[in-house]
Structures are given as C-alpha cells and as structure tokens.
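> As a plain string of letters, each chain reads:
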Amino acid sequence: MKLNLKIWRQPGPAAAGAMQSYVANDVSEHMSFLEMLDVVNEELQTKGEEPIAFDHDCREGICGTCSLMINGTPHGPKRATTTCQLHMRSFSDGDTITIEPWRAKAFPVLRDLIVDRSPFDRIIASGGFISAPTGSAQDANAILVPKPDSDLAMDAAACIGCGACVAACPNSSAMLFTSAKVAHLGLLPQGQPERDQRVLSMVHQMDLEEFGGCTLFAECEDACPKEISVENIARLNRDLIRATVRDRGQVHVESGAG
Amino acid sequence: MNRLFALWGTTVGKKVAMAATGIVMILFLISHMISNVLIFRNPEHLDSYAALLRSLGPALWVARAGLLACVLIHIAAAWQLTMLARRARPITYAHHEYRVATYASRTMRWGGVLLFVFIVFHILHFTTGTLLPGWQDGRVGDNVKLGFQSVPVAIFYLVAMLFLGLHFSHGIWSAFQTLGLNHPSYNRSRRLLAWGLALAVAGGLATIPAAALLGYFK
Ligand code: HEM
Ligand code: FES
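Chains as they are written, first to last, in my numbering: chain A, 1 to 258; chain B, 1 to 218.
Read the hints as simulated data drawn from the structure, not as lab findings. Glycine is no exception: its CB is placed at the ideal position from the N, C-alpha and C atoms. Mixed in with the good hints, there may be bad ones.
To be verified - Pairwise CB distance ranges (calculated):
1. GLY94/A with PRO152/B: 47 to 53 Å
2. CYS63/A with THR92/B: 50 to 56 Å
3. ILE23/B with ARG9/A: 45 to 51 Å
4. SER90/A with THR127/B: 54 to 60 Å
5. THR92/B with ASP247/A: 46 to 52 Å
6. THR92/B with ASP57/A: 35 to 41 Å
7. LEU72/B with GLY256/A: 55 to 61 Å
8. THR46/A with ARG86/B: 41 to 47 Å
9. GLY12/A with VAL100/B: 43 to 49 Å
Assemble the whole structure, with the sequences as input and the hints as a guide.
See below:
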C-alpha cells in the first residue's frame, strides 16, 4: 500500500522544527511501523538525504525505547501495543499518518522524533528502590507475599517507562508512570521501610521536572502499552496523604532537573 | 501546619485541597438545593428558612467565611494547576485525539470559570440585591420570583446549573481518586454517586428557573 506521512523534523535540540511530508510506497501490511520507517529511511539515504531519527531498541515491546505520537495517539491506534509491535495492517492504502515526538517540556526533542526521557530516570533514582541486605542470600520464601498483592505489584511493574502516559495527558502529567513505580514497591513487604520517603521524594522529583498535575482524564491508562491502571494513581495519592500524616519521611532530590 | 504547606507545595497536594474544598461546597449545595425547592410548597417557606439562618447570627458569618475560604482555595489551586499544565506542554501536537476523556472532565476549567462568574452574579443578584431592582430584604420568595421574570437571567441560571452538574459529576468521581479511594469493588457505586448527586443537586436547583420560564410563578 501507499501512505502519506507527515513527520516532525528537527535537526537538533535548539533548532527549529517543522512537519514535513513524505510518501511511503510499497508498504506491506506485515511490516511493523518501525520497519515501514526503516524503508522510508533507506530511500532517503539513497537520495542523499538525512534519515528520520526515531528511538527503538528491542522491537519486541519490552524495553520501552520506542515512542511516536501516531495520528494523535501515543504508539498509534492499537490498544496495549507499543509502536514497534504495531503493524501496518492497522492502516489502509492511501491513509495520511501524522507522526510526532512526545510533547512535554520535561521531554525536550533531541532530534526529529527522539526526546530526552531522563526525567523518568531521576524520578526512579529519587525513590524507586528498596534496601536489601547484602552477604549470604536469604531463603527465597523468608518473606511471604499475599498473592493478590503480588499480582497487583506485578501489574504495576509491567511499566516499561516509555512515556506514552505523559504524551497522552493533556496536562503532560507523569502521574501514571510515577504511581506505577510507587505502587509496585509499596505493595510488597520489601518496599515498606522506604514507603513514606519513596512517595515524598518521587512526587517532589516529578514536580521539579515540570510535569503537569493529574485531572483524571484517564487518557494515560488508555494509551499505556502495558495497560497500567489509574488505580495506581489513587495508591500514590493515598501513600502521599499517609506520609504527610505520619510525618516521618525524608525527601531525597536528584540533581539535574529542569 | 508545615506538613500541610509541604503537601500544598506538590501537584498532588493541590488536588487534595481541591477535593476537600470541593466536598465542603458540595455539602453546602446539597442543603442549598433542598431548602430552595421549598419554594414549590410555598414562597413564605423560603422566607422563614432565611430568617432561621439569620437568627444564627455570628455562626452564619463563620459559615460564610468558611465557604468563601473554600472557594478561594479551590480557585487558587485550579489556577496554579492550569498554569502548570500549560507550561508543561509549550509545543502542542499538530494532531491530537482524545480517546476516553469525558466531556465533564474536559470542561472542568472553563466550566469552573463559568461557575465562578455565576457565583459572583448570584450573590449580587439574590443575596445583596445589587443587581435586582425591586429586591426587598428578607422577602426571599418574592425576590426569586421577581428575579426570574427576566428570561435571559433564568436562562443564564439554567446554563450555570448544566455546568454545575458536569463539574459535580467529574469532581465527585475524581475527588475519590485524589483522596486515594479507587477500588474495583466500589467504582460502580462511585460513578452512580457522582452522577446521582450531580443530577439531584444541579437538576433540583434548575427546576426553579425552569419553572419560572414555564410560567409556574405567574
Ligand atoms: C468557583 C469556581 C470554581 C472553579 C474555578 C473550579 C475549578 C475546578 C477545576 C479546574 C477542577 C479540576 C482540577 C484538576 O483536576 O485539574 C475542579 C475540581 C473540582 N471541583 Fe471545582 N471549581 C469551582 C467551583 C466548584 C464548586 C462550586 C464545587 C462544588 C460544588 C466544586 C467541586 C469540585 C470538586 C469536588 C473537584 C474535584 C477535585 C479532585 O479532582 O480531586 N468546584 N474545580
Ligand atoms: S523498541 Fe523496545 S518496546 Fe518498542
């Protein structure tokens, strides 16, 4: 099939960018979205033009590196699917597809469709850890975890940190991401010692990075390729209120924000 | 106190403040709706209800100050969060689609502004009488009938109640989440409560200008 592409091109972080039109010929419906872009890039390179820069790594939906706002939706039209796992059969011959980078002040464009997602790393570093004893390994069953809690923790841990939640949110809020990390550790017994400090620090860091607040539009949940639930945001809110009441947590801040 | 200020300093804390002040305003509006529909029994009922409130003396002023504080805190948080959200996306999408956000959630901000304008107008209209020629102190039932003789005013009240209902329905749903309450076992009831209260309060209040437009008070 033949597709009309409108793609954001921007040579560098400080350079001005603009939408540019391309035509993708001979696209097979079996191609992944990224393979379709690979083909466009090969053609650009044979013509001596600069290829379109986009992020990718595993191409099997597990690393969280691919991104792309496709026709106004993060990772494109298919639910619970990363861009690398999206196939061209989701489109029809003659379609016009708009491809843009994630848009948020906290995620500046580095080049074309690639944005800097290091604010997420700093949010994790500020509180997304537990303290574990080193030395001889503990007995695997020494700490018992109720099955429902471990299931919910695993659901939250499915977050691959791609940033689709921020991209989808009209407020550019990072609450779904941050709450997934807070809930993932907070639901487990191993996460209890740092529970107050974790939520205080991660929310503080999230705000420092200049993400917006949550209005509960729930666009994030719909966009998330790993179907992280907004229920986690309620868990974060609950933990923050609890930590405020208990007044025992220390805020830890990562440098480099903003 | 320090803890409260630290909480207010976060985006989540501002939402907690909005939820708390919103709930106080909702409780007020429930009682406001119930007392106002008394007009359908007999306009004098409204007068005696108003007289009862006034007999509270200083307590009435405490309640008024509390409500005013709620409105101000609610608006301050709304303003700050709106500005933060704007700054958080300096370059907007060429193509963006809403997939699940409800109309109610998307009108919280402009609808909120409309509600604020409405609240100011409403106080100048019925409470102080500044904007209602012929207003008489203590004659609440007559003032309401007089006020709604103006068709544009009655329509403005109806539109404001529509947005109040929308604001309510998303606000109640969202306030649970902000306060940490979201669980599959009661989310259905939470939706029903949000819609039910929105319909009862905004709908209940709207019956008065609607009845006036239909000539009920002639
Ligand atoms: C006075 C003018 C008002 C303005 C400007 C306003 C504005 C807003 C805005 C912008 C939000 C959404 C904040 C966000 O999530 O980003 C909100 C939430 C809310 N509003 Fe209002 N509002 C007003 C009046 C009211 C009234 C009269 C009530 C109660 C009857 C109310 C109850 C609520 C509730 C319960 C929430 C939900 C808070 C949460 O999500 O936790 N508001 N308001
Ligand atoms: S490239 Fe790894 S998730 Fe898409």
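> Now, for every hint given, state plainly whether the structure supports it.
Status of the hints after comparison with the structure:
In this structure, GLY94/A and PRO152/B meet the distance hint of 47 to 53 Å, their C-beta atoms being roughly 50 Å apart. Under the hint 50 to 56 Å, the C-beta atoms of CYS63/A and THR92/B, about 28 Å apart, miss the expected range. One distance hint, 45 to 51 Å for the beta-carbon pair ILE23/B and ARG9/A, holds here, with the actual separation near 49 Å. Between SER90/A and THR127/B the beta carbon distance is about 58 Å. The supplied range of 54 to 60 Å therefore holds.
As the Cβ distance of THR92/B to ASP247/A is approximately 40 Å, the hint placing it in 46 to 52 Å is violated. Separated by about 28 Å at the C-beta atoms, THR92/B and ASP57/A break the suggested range of 35 to 41 Å. About 36 Å separates the C-beta atoms of LEU72/B and GLY256/A, a value inconsistent with the hinted range of 55 to 61 Å. Taken as a hint, the range 41 to 47 Å holds for the pair THR46/A and ARG86/B, whose Cβ atoms sit roughly 43 Å apart.
Distance hint check: the CB atoms of GLY12/A and VAL100/B are about 35 Å apart, inconsistent with the given range 43 to 49 Å.
Hint compliance for this structure: hints 2, 5, 6, 7, 9 are not met, and every other hint is.
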